[in-house]
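For reference, the chains in residue letters:
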Amino acid sequence: MDLFEYQGKQFLAGMGVPVPAGAVADTPDQAVAAAGSVGYPVAVKAQVRVGGRGKAGGIRLVRDGAEARAAAEAILGLDIRGHLVRRLWLEAAADVAEEYYASFTVDRAERRYLGMLSARGGVDIEEVAASEPEAIARLPISPNGGLSEADARSWAEAAGLASDVHDQAAAMLVTLFGALTGGDADLVEVNPLIVTADRRLVALDAKVSLDDSARFRHPEWEEWGTAEWHDERERRARERGLNYVGLTGTVGVIGNGAGLVLSTLDVVSQAGGTPANFLDVGGGASADVIAAALEVVDGDEKVRAVLVNIFGGITRCDEVARGILDAMGRVDLRSPIVVRLDGTNAEEGRVLLADHQSDRLVSQPTMLDAAQAAVALAAGG
Amino acid sequence: MSIFVDASTRVVVQGLTGSQGRFHGLRNRAYGTQVVAGVTPGKGGQDVDGIPVFDAVADAVAQTAADTSVIFVPARMAAAAVLEAAEAGIRLVVCITEGIPVHDELRLVDRLASQFRGTRLVGPNCPGVISPGRCNVGITPGEIALAGGPVGVVSRSGTLTYQALQELTRQGLGQTTCVGIGGDPVPGTRFVDCLRAFEDDPETEAVILIGEIGGDDEERAARFIAGEMSKPVVAYVAGMTAPPGRRMGHAGAIISGSSGSASAKVEALRGAGATVVANPTELGSAMAAVLGRAQG
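Those protein sequences? They're chains A and B, same order as listed.
Anchor point for the first sequence: position 171 equals 171 in the working numbering, and the numbering is continuous, going up by one each time.
Anchor point for the second sequence: position 121 equals 121 in the working numbering, and the numbering is continuous, going up by one each time.
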């Protein structure tokens, strides 16, 4: 789960990382009040989970209430690279002397942690990595070893941080690494990590991604729960406990198993169509789950046809067939459904569907046939 | 021959008294696998349909000479369960459990590599290992597999593995062993471990590799195929149309920045000389062509 900047800052502050004082606002009125409580000058920052908001006009510095209102009116509702701004974070403007970059991630390829530290902060780190790779000091960290303050201090030196902040930086780097491992984050990135005019290190931005698998031991994450969905379709799917990712096409896709669903998206594209979503009903899905999945996918206004692609292992195809018939009987589905059943109890499933074949429900023998049929229906509708 | 498991494999099911453990443990036994014990702390002395249950893996090993474990315990206990099996001297641990926190998994894999070199972990979040006709450890539906070889299968995806087994079986091509390495970011066993084992297995003549977006395991496999493998590889990679930055079902299936895309993996595998198919339903016919065998 990717956190918004303000949530990331709450997360880091809770771990002991200095962040600027601030408040959130969802309306211009709230923004004026928030700015007043923080104290001018104030930075008004769009809360979107995408980079490049500064260039897109998503950050403004304001000096009084009138400017705060104008900035809030301009930024709320802005579309930043496909992300609508619904919330603002207003924080005390910082007096910046230096801009650094610091991040910790799970390096899955090398099976350890990777820290990246640079004195060239405040810009896109992928650009720095491409143009000046030597400007980034990389530190591999053993999963069962950890990061000592002494190692962190040498690292800060190697990265070329100003010598008067080395001790401060060492302590903060250890804290940030602790936020990653102890906080069950899989990414903690601070860019820029600033040195203020009075030589204090402060996290001026925060990009934090939490490991959804660790949710069971973090009841405090509940307050950030809304960060889980990207749009209304995903919210509806999450409510029903479905593993759904929204895409932009017209062919709704439902399948069992992440790999099979990924593959189904590809086959829909090969057949000349565009997938509307990824939806994995998982192993052993009941008729109820299939019916809920159909309702969520059909609820997407762009969807013109739904492709149900099942290879039964634990999942029984007769259960899937019952779920489809149940959903069709219970709600008025807009989209025609194309079904491919294979594996456990596939024959029983096909027999159940055989009596109900129509222009609303079509069975196909293979994944490719089914994808082609669904794409044709989506184009025709 | 086969890799990792064979007819002499003796299996202990960690979590045998739970619904998943019971269902699949009995299913594995019905397939012909020697399921010799179960472990559930606090339930030692009970049995599940005649399979004795012990409190600890060490007890099960001492009493039944189990050498392989399959894990069906909940995610919050799974990493500890794997370590317990390793400490008890289990040779192969197959972890079916999905949803283990990534830091737990990373520390676990690191500890196995440094302290328990004799234990292989397959998974987590995987369908298991099947050597058709000999042994099935995990949740793969055994009836879609065909005994007798000559194809080895290794995959990050469960259902795509089933698809591949069915396509091979339809072509009359049997399988030596099918290994599901799982969809997590830090799997215990990676493609290269399996490719090396298949390369060394005299019964295996060719290998099917099924990858997906995320990480660089396919690229590493490609380097191994190019440099150290004599047997042909037929590959498929899922996720050509997946958007970057979104986790697609599996915890490990995510394109991060410019790394982990399906097209880069396909290119690497092609460059290494593997036959890469565009659709998983072509895996069987492509393998038949590679082996020069007509549909049987």
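Hints are computed from structural coordinates only; laboratory data are not their basis.
Positions of the beta carbon are idealized from the N, C-alpha and C atoms, including for glycine.
Hints should not be assumed to be uniformly reliable.
Label pairs and their in silico Cβ distance ranges [stated by the list, open to error]: (1) A:Arg238 - B:Ala62: 27 to 35 Å; (2) A:Ala150 - B:Ala80: 25 to 33 Å; (3) B:Asp55 - A:Gly54: 41 to 49 Å; (4) A:Pro140 - B:Gly245: 43 to 51 Å; (5) A:Val50 - B:Leu291: 42 to 50 Å; (6) A:Gly54 - B:Ala80: 21 to 29 Å.
In silico contact screen, one side only, chain A against chain B (beta carbon under 7 Å); selected entries [what the hints assert, rightly or not]: (7) Ala109; (8) Leu139; (9) Pro140; (10) Asp211; (11) Pro219; (12) Gly257; (13) Ala258; (14) Leu260; (15) Asp266; (16) Phe311; (17) Pro365; (18) Leu368.
Residues of chain A clear of chain B, computed beta-carbon distances all greater than 10 Å [claimed, not checked]: (19) Gln30; (20) Ser37; (21) Ala214; (22) Gln270; (23) Ala287; (24) Thr366.
Now the hints, each set against the structure:
1. A:Arg238 - B:Ala62: 27 to 35 Å: Since Arg238 of chain A and Ala62 of chain B have Cβ atoms about 46 Å apart, the given range 27 to 35 Å is violated.
2. A:Ala150 - B:Ala80: 25 to 33 Å: holds (31 Å)
3. B:Asp55 - A:Gly54: 41 to 49 Å: Violated: the Cβ-Cβ distance is about 59 Å, outside 41 to 49 Å.
4. A:Pro140 - B:Gly245: 43 to 51 Å: Check failed, 24 Å falls outside 43 to 51 Å.
5. A:Val50 - B:Leu291: 42 to 50 Å: Cβ of Val50 of chain A to Cβ of Leu291 of chain B: about 48 Å, so the range 42 to 50 Å holds.
6. A:Gly54 - B:Ala80: 21 to 29 Å: violated (45 Å)
7. Ala109: holds (5 Å)
8. Leu139: Violated: closest Cβ of chain B sits about 16 Å from Leu139 of chain A, beyond 7 Å.
9. Pro140: violated (12 Å)
10. Asp211: Holds, because the Cβ-Cβ distance from Asp211 of chain A to chain B comes to roughly 5 Å (cut-off 7 Å).
11. Pro219: Violated: closest Cβ of chain B sits about 14 Å from Pro219 of chain A, beyond 7 Å.
12. Gly257: With a closest approach of 3 Å, the Gly257 of chain A hint holds.
13. Ala258: holds (3 Å)
14. Leu260: Holds - the Cβ of Leu260 of chain A comes within 7 Å of chain B, reaching about 4 Å at its closest.
15. Asp266: Result: holds, 5 Å to nearest chain B Cβ.
16. Phe311: Cβ of Phe311 of chain A sits 5 Å from chain B, so the hint holds.
17. Pro365: For Pro365 of chain A, the interface hint is violated, since the closest Cβ of chain B sits about 11 Å away, which is over 7 Å.
18. Leu368: holds (6 Å)
19. Gln30: holds (30 Å)
20. Ser37: Check passes; 34 Å lies beyond 10 Å.
21. Ala214: Its Cβ does come within 10 Å of chain B, the nearest being 4 Å, so this is violated.
22. Gln270: violated (6 Å)
23. Ala287: holds (19 Å)
24. Thr366: violated (6 Å)
In summary, the structure is inconsistent with hints 1, 3, 4, 6, 8, 9, 11, 17, 21, 22, 24 from the numbered list given earlier, while agreeing with the others.
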